[in-house]
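**Student:** Generate the whole structure from the sequences, applying the supplied hints.
2 protein chains.
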Amino acid sequence: MSESTSIGIVAPKIAHFSEPLALKSGEILPQYDLVYETYGTLNADRSNAVMICHALSGHHHVAGKHSEEDKYPGWWDNLIGPGRPLDTNKFFVIGLNNLGGCHGSSGPATLNPATGKPWGAAFPVVTVEDWVNSQARLADYLGISQLAAVIGGSLGGMQALQWTLAYPERVRHALVIASAPNLTAQNMAFNEVARQAIITDPEFYGGDYYAQGVVPRRGLRIARMLGHITYLSDDAMGAKFGRKLRDGNIKYGFDVEFEMESYLRYQGDKFAGEFDANTYLRMTRALDYFDPALPYGGDLSAALAGVKAKFLVVSFTSDWRFSPARSREIVKALLDNELSVSYAEVTAAHGHDAFLMPDPHYHAILRTYLGTVLSAADDASRSAADTGVAS
Amino acid sequence: MSESTSIGIVAPKIAHFSEPLALKSGEILPQYDLVYETYGTLNADRSNAVMICHALSGHHHVAGKHSEEDKYPGWWDNLIGPGRPLDTNKFFVIGLNNLGGCHGSSGPATLNPATGKPWGAAFPVVTVEDWVNSQARLADYLGISQLAAVIGGSLGGMQALQWTLAYPERVRHALVIASAPNLTAQNMAFNEVARQAIITDPEFYGGDYYAQGVVPRRGLRIARMLGHITYLSDDAMGAKFGRKLRDGNIKYGFDVEFEMESYLRYQGDKFAGEFDANTYLRMTRALDYFDPALPYGGDLSAALAGVKAKFLVVSFTSDWRFSPARSREIVKALLDNELSVSYAEVTAAHGHDAFLMPDPHYHAILRTYLGTVLSAADDASRSAADTGVAS
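Read top to bottom, the protein sequences are chains A and V.
The first sequence begins at 1 in the UniProt record's numbering and counts up by one.
The second sequence begins at 1 in the UniProt record's numbering and counts up by one.
Any given hint could be a false lead.
The list treats identical chains as interchangeable, and a pair is accepted whether it falls inside one copy or across any two copies.
[Said to hold, decoys possible] Restricting the straight-line Cα-Cα distance to at most 20 Å, the calculated cross-link-like pairs of lysine to any residue (SDA-like) are:
| hint | residue 1 | residue 2 |
| --- | --- | --- |
| 1 | K251 | A121 |
| 2 | K251 | V125 |
| 3 | K24 | G253 |
| 4 | K24 | D255 |
| 5 | K251 | E27 |
| 6 | K65 | I9 |
| 7 | K13 | A136 |
| 8 | K270 | E203 |
| 9 | K240 | S342 |
| 10 | K240 | G297 |
Hint data in this document are derived by calculation from the structure and do not stem from the laboratory.
**Tutor:** Now the structure itself:
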């Protein structure tokens, strides 16, 4: 295995798009910015680009640090860098913050050009389909007609799948990790509780809290605490916290008694101080709405009939949010269409969050699969690029 | 099978206890009321009494109706009545509202005799052990030295188990249903999110909201919505709601889109209008704290060494809140002590809530087991009653 290092110091960039974007809701976003980062070098025939699609609370800062002083690197730094499974010596990697986000791309907290004030509640409800359309424009902007691969975990995996549906000629490989072809009723129920916690916070002001100088911190905190429960498996929580008391003895009250409560409150407080509530609402709705089989009466195989990409689908045994059974639904629909698909069900204790962890087995699978992506055999599938927009 | 009917019209009674109750927290409740109901007739030798222990949001009104006009009967009416599995032609059944409750027993919303104002935050944190001690006093009050059985589901099952630990001579049978020997970290995490939603509601006022003329309705609503997710299995939610849209088309916003959202909001609103938030906090803490194995270094078998009762333990395959594995922990510890235990793992789709449903297989198990309780064979285990307080 080659030596593996972080990509080092990186800097975000902003792409402005002045061509209106028609959204699935029927609304039109007249213009917008996307903040993005790139790692590695685009090769001469522009065939080595990999797009990273982020999940609910993710963003463009996927790898490296913005300065030597940064305490933590980007959120998927363990995956991306020289010698890492997604090797920046070979690939040109693109991370972006999705529309509606709160890390630099146009979203509820950014200024609405029409009013000069924050969009707030007026920022449209965006979908996975809208994101992928905006990501395709970012690829255009970067002169990339065809992506070597699109990679995403969770909500990011839904975007990777959507890429192969919306732009079958523009993506050779899709890596769909810890994802699902749609949410279950239970998944949606958790989203609804989180949203209701935010919306009923007296400081939400119908989504226009920016003008009030407040944020619905209480609601966002509850939403994040709840989220954390669903990201971890019961076993992982048991192993990490069990029933450990924080101070060794029971105090019979409602302050922190158990270690796990301290962890949840910390995570909730931290998130509520950083993330935008309107973005949280939109990210969860994008999850709810994604359902490519819906126009096909629930027949996912029919929905994937036009797909051309090759797939790696990965699930984790302890992921009860997006269980392996949901990944197998995707695998089955791909196989029904005689598409090339590799599937790995990784034994991991971490639950849904396992997709972000540097589990050796998991990373070996990604390394091996990505090793095939720019191989000679892969070239055969690349001809479609010649018809692309930027070739 | 005999004809089965509801017990009919019933009326609650109040028992006042002026002897102080020492609580596990170290606090002392100087006096208190317990509201209770009874169904059936106590037999001459007072050997046919069955106590029903309620779960988080339960109460004393277990069976029958308070008036012909009542829309719904008590919460376990399908179990209790003439000819029903817990047959009131044979048994004298006692339901009560636990201390700290909000249905008539002393609790945060009742008047503190010392101040003449609602207890509010000053009402002590009560535990499963405290409840069982207060229930034993209710048995004394009713002239019952030994219960034929104690029955409870979920948190109620913990009380049934605690009865056999605290009063081994005073209970012949324990029916522990959909329960666990303690909460997992994940179970406790859900409780913590629910409590934080309540406590951070601006109308909570540190628990003394009664004086403000408000209730922390928003927080209680979120707590209940979350609770409902954990009471149902993912499959049950899928079967009941799936991804069904309420109005048939997607509106791309944050009002109700899916049927499931409408259900959760309705359940949350209803509960928030009826239940007391301070009670909710205390019920969840009682769940958190229950852990009979704790003083034995986690060794449940050692904790149950003094138990004498016979057990029926029932779990449900789709219960992910208190999974069958947790019930099997209890069964193992009972068997380690060479106690008599019957165990049934019922195939049911409803999740945790299955313990309240009239599933024929489940009810047949209860009927069969309860059929043995007053049999001649059962008499042999009854001699201990002769040493009891009221014999």
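**Student:** Please go over all the hints and tell whether each is borne out by the structure.
**Tutor:** Cross-check of the supplied hints:
1. K251 x A121: between (43 Å within a copy, 15 Å between copies)
2. K251 x V125: between (45 Å within a copy, 10 Å between copies)
3. K24 x G253: between (49 Å within a copy, 12 Å between copies)
4. K24 x D255: Classified as between: cross-chain Cα gap 17 Å, same-chain 45 Å, threshold 20 Å.
5. K251 x E27: Classified as between: cross-chain Cα gap 11 Å, same-chain 54 Å, threshold 20 Å.
6. K65 x I9: within (5 Å within a copy, 71 Å between copies)
7. K13 x A136: within (17 Å within a copy, 70 Å between copies)
8. K270 x E203: Answer is within: at 18 Å inside a copy they meet the 20 Å cutoff, but 23 Å across does not.
9. K240 x S342: neither (32 Å within a copy, 34 Å between copies)
10. K240 x G297: between (43 Å within a copy, 18 Å between copies)
Hint check: a violation occurs at hint 9 only; the rest are consistent with the structure.
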